[in-house]
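Based on the provided sequences and hints, a complete structural model is requested.
Be aware that the sequence shown starts at 436, since it is given in the numbering used here, and climbs by one per residue.
You can take every hint at face value.
Okay, derived cross-link-like pairs now, DSS-like style, lysine-lysine, Cα gap no bigger than 25 Å in a straight line:
| # | residue 1 | residue 2 |
| --- | --- | --- |
| 1 | Lys643 | Lys563 |
| 2 | Lys922 | Lys818 |
| 3 | Lys780 | Lys754 |
| 4 | Lys763 | Lys730 |
| 5 | Lys719 | Lys703 |
| 6 | Lys764 | Lys725 |
| 7 | Lys503 | Lys563 |
| 8 | Lys832 | Lys942 |
| 9 | Lys703 | Lys779 |
| 10 | Lys691 | Lys763 |
| 11 | Lys643 | Lys503 |
| 12 | Lys904 | Lys832 |
| 13 | Lys643 | Lys575 |
| 14 | Lys764 | Lys715 |
| 15 | Lys503 | Lys575 |
| 16 | Lys725 | Lys703 |
| 17 | Lys764 | Lys691 |
| 18 | Lys691 | Lys730 |
| 19 | Lys791 | Lys832 |
| 20 | Lys897 | Lys832 |
| 21 | Lys636 | Lys503 |
| 22 | Lys636 | Lys563 |
| 23 | Lys754 | Lys779 |
| 24 | Lys791 | Lys780 |
Quick list of simulated restraints, FRET-style, between CB atoms:
| # | residue 1 | residue 2 | range |
| --- | --- | --- | --- |
| 25 | Lys754 | Val861 | 34 to 42 Å |
| 26 | Leu578 | Arg759 | 51 to 59 Å |
| 27 | Phe740 | Asp836 | 53 to 61 Å |
| 28 | Pro639 | Arg765 | 51 to 59 Å |
| 29 | Arg743 | Phe537 | 57 to 65 Å |
| 30 | Val576 | Phe537 | 26 to 34 Å |
| 31 | Leu637 | Lys719 | 47 to 55 Å |
| 32 | Lys832 | Lys703 | 52 to 60 Å |
| 33 | Lys754 | Leu788 | 26 to 34 Å |
| 34 | Tyr720 | Val540 | 46 to 54 Å |
| 35 | Lys725 | Gln603 | 32 to 40 Å |
| 36 | Lys764 | Leu788 | 44 to 52 Å |
| 37 | Thr837 | Arg746 | 45 to 53 Å |
| 38 | Val576 | Lys764 | 44 to 52 Å |
Read the hints as simulated data drawn from the structure, not as lab findings.
For glycine and all other residues, C-beta sits at the position ideal for the given N, C-alpha and C.
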Amino acid sequence: MDQYYFFVVLAPTAAFITIAAAIYAWRRRLVPGAVMLMLDLLCITGWLLSNTGELIGSTENISLSSVKITYLFITTAPIFWIGFALQYTGKVRWLSFSRFAFFWVFPIITFTLVQTNEWHGMIWDVWKIEAVNDHLQLLKVTLYGPWFWVNVVYSYALMFSGAFLLIQQHIRSAPIYRKQSNWLVAGALAPLIFNYIYITKLIPGLQKDFSPIAFAFSGIAFAIGIFRYDLLDLMPIARNTIVENMQEGMLVIDHKTRLLDINPAARKLLLPTKDSIIGKPIEKYLPEIKPLLPKDDQGSRALEFSLRRNRIIRNFEGKLSILRDRNKKRLGYLLVLQDITERKKLHDEVERLASKDSLTGLHNRRHLLELAQQELHRSYRYKHTISLLVIDIDHFKNINDTYGHLVGDQVLINFANFLQKMLRIVDIIGRFGGDEFVVILPETDFETTIKTANRLCDTIRKTPFATKKGNVFFTLSIGISSENDVKKDTDLYAFLEHADRALYHAKSLGRDQVASEK
Numbered sequence: 436m437d438q439y440y441f442f443v444v445l446a447p448t449a450a451f452i453t454i455a456a457a458i459y460a461w462r463r464r465l466v467p468g469a470v471m472l473m474l475d476l477l478c479i480t481g482w483l484l485s486n487t488g489e490l491i492g493s494t495e496n497i498s499l500s501s502v503k504i505t506y507l508f509i510t511t512a513p514i515f516w517i518g519f520a521l522q523y524t525g526k527v528r529w530l531s532f533s534r535f536a537f538f539w540v541f542p543i544i545t546f547t548l549v550q551t552n553e554w555h556g557m558i559w560d561v562w563k564i565e566a567v568n569d570h571l572q573l574l575k576v577t578l579y580g581p582w583f584w585v586n587v588v589y590s591y592a593l594m595f596s597g598a599f600l601l602i603q604q605h606i607r608s609a610p611i612y613r614k615q616s617n618w619l620v621a622g623a624l625a626p627l628i629f630n631y632i633y634i635t636k637l638i639p640g641l642q643k644d645f646s647p648i649a650f651a652f653s654g655i656a657f658a659i660g661i662f663r664y665d666l667l668d669l670m671p672i673a674r675n676t677i678v679e680n681m682q683e684g685m686l687v688i689d690h691k692t693r694l695l696d697i698n699p700a701a702r703k704l705l706l707p708t709k710d711s712i713i714g715k716p717i718e719k720y721l722p723e724i725k726p727l728l729p730k731d732d733q734g735s736r737a738l739e740f741s742l743r744r745n746r747i748i749r750n751f752e753g754k755l756s757i758l759r760d761r762n763k764k765r766l767g768y769l770l771v772l773q774d775i776t777e778r779k780k781l782h783d784e785v786e787r788l789a790s791k792d793s794l795t796g797l798h799n800r801r802h803l804l805e806l807a808q809q810e811l812h813r814s815y816r817y818k819h820t821i822s823l824l825v826i827d828i829d830h831f832k833n834i835n836d837t838y839g840h841l842v843g844d845q846v847l848i849n850f851a852n853f854l855q856k857m858l859r860i861v862d863i864i865g866r867f868g869g870d871e872f873v874v875i876l877p878e879t880d881f882e883t884t885i886k887t888a889n890r891l892c893d894t895i896r897k898t899p900f901a902t903k904k905g906n907v908f909f910t911l912s913i914g915i916s917s918e919n920d921v922k923k924d925t926d927l928y929a930f931l932e933h934a935d936r937a938l939y940h941a942k943s944l945g946r947d948q949v950a951s952e953k
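Encoded structure:
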């Protein structure tokens, strides 16, 4: 099979591929760049078919007419190509009406000169339609006119500019975008290389310009980029606006929950592995992230989450935004986050200091009252009993006067530890002030409360508390308040007042005992 028959066989195949890619681009026409890509592919298709018409034309006039029609596509394909490259790389300001209209000046002049070449020879100076075998014929040019070379330079400039933009995008892009731009760059360069080989006669005996066939490769390259890597879905939506060295972590996730992009800060914060994760499902490497992705169509939202890495829990806060196309269709998600572990630790410490007694580590007065109110509401809701102890260390002033305030503080600390060991985990213990302690006993009736209080008194009476100045013994006075039928309007302070009066009653009876108003 000679080179001409080979072209006639391959050209329709190439046209089929490019038209298929154009149809897919049309289906995604609302995505920026899709229409330009579709128009470019249609021009390629027209170029291939009209070039085939030149070869199989039954008369010289038909072949010549096909050549002239071919120039409609030869001159416009580079314009749509540069238009697509500009849109794909985000340089849309170059596509203003005035600038884009300027692109058409040279193609219009070229196409006009082609149609009227017989009068001036500006495109083909010496030429003829020549049979290449028994069935095929083509335009053979011995000497090109001056405007032909103007058109070559202009077309090359547009094609090389588009290729340069994609190569530049390739260098700056994350790996998944490089896979896309690899195919686009290859598709752009192939026709240029083939056309250069033909014009410079680098291959001896090559009489037919195979650059249109090179567009078959372009069509395949575009198809692979589109179908395999979801080219128009995975356009660098956020990449051009994200600074690589930003301190905040940044992730771009598509609507199929694949990780499209991750900046160095996010990789350092979230991923211990150095594996290539671009294009992989997010749940494979960051399963904690997927549940955070909204299923509804609400806008941006703040979020907070934790990750466990190497047995260490890290806390993060961030902002999750939904990325959409011009038709409001969801394309994916942009997550910007920062590590707040140290801030949260500080916050928790402040909360702890605000709710804990600085000396004993028990609940302070304010926090104890909050917890007591919550337990009172819970007892009302579930119809449980609740009891309360107000405990006072007998003659604590004498301990301070005899041993000093440092020993007195040590006694308070040891007594707080004693209460925590003697009481249940669910019991709420707090220091109310000085040497006075309050204990909330959830779901505890009066009889059990009496037993608990007496057990405390009996045990403390026999327990020596070690200090720097020797063992210290002391006793307790305990007032009890118990409520079997908590009402919605039961007053906490009245509840405490009952136990406080019972405490003073125990002291009036000689201390070292338990008393109640019941």
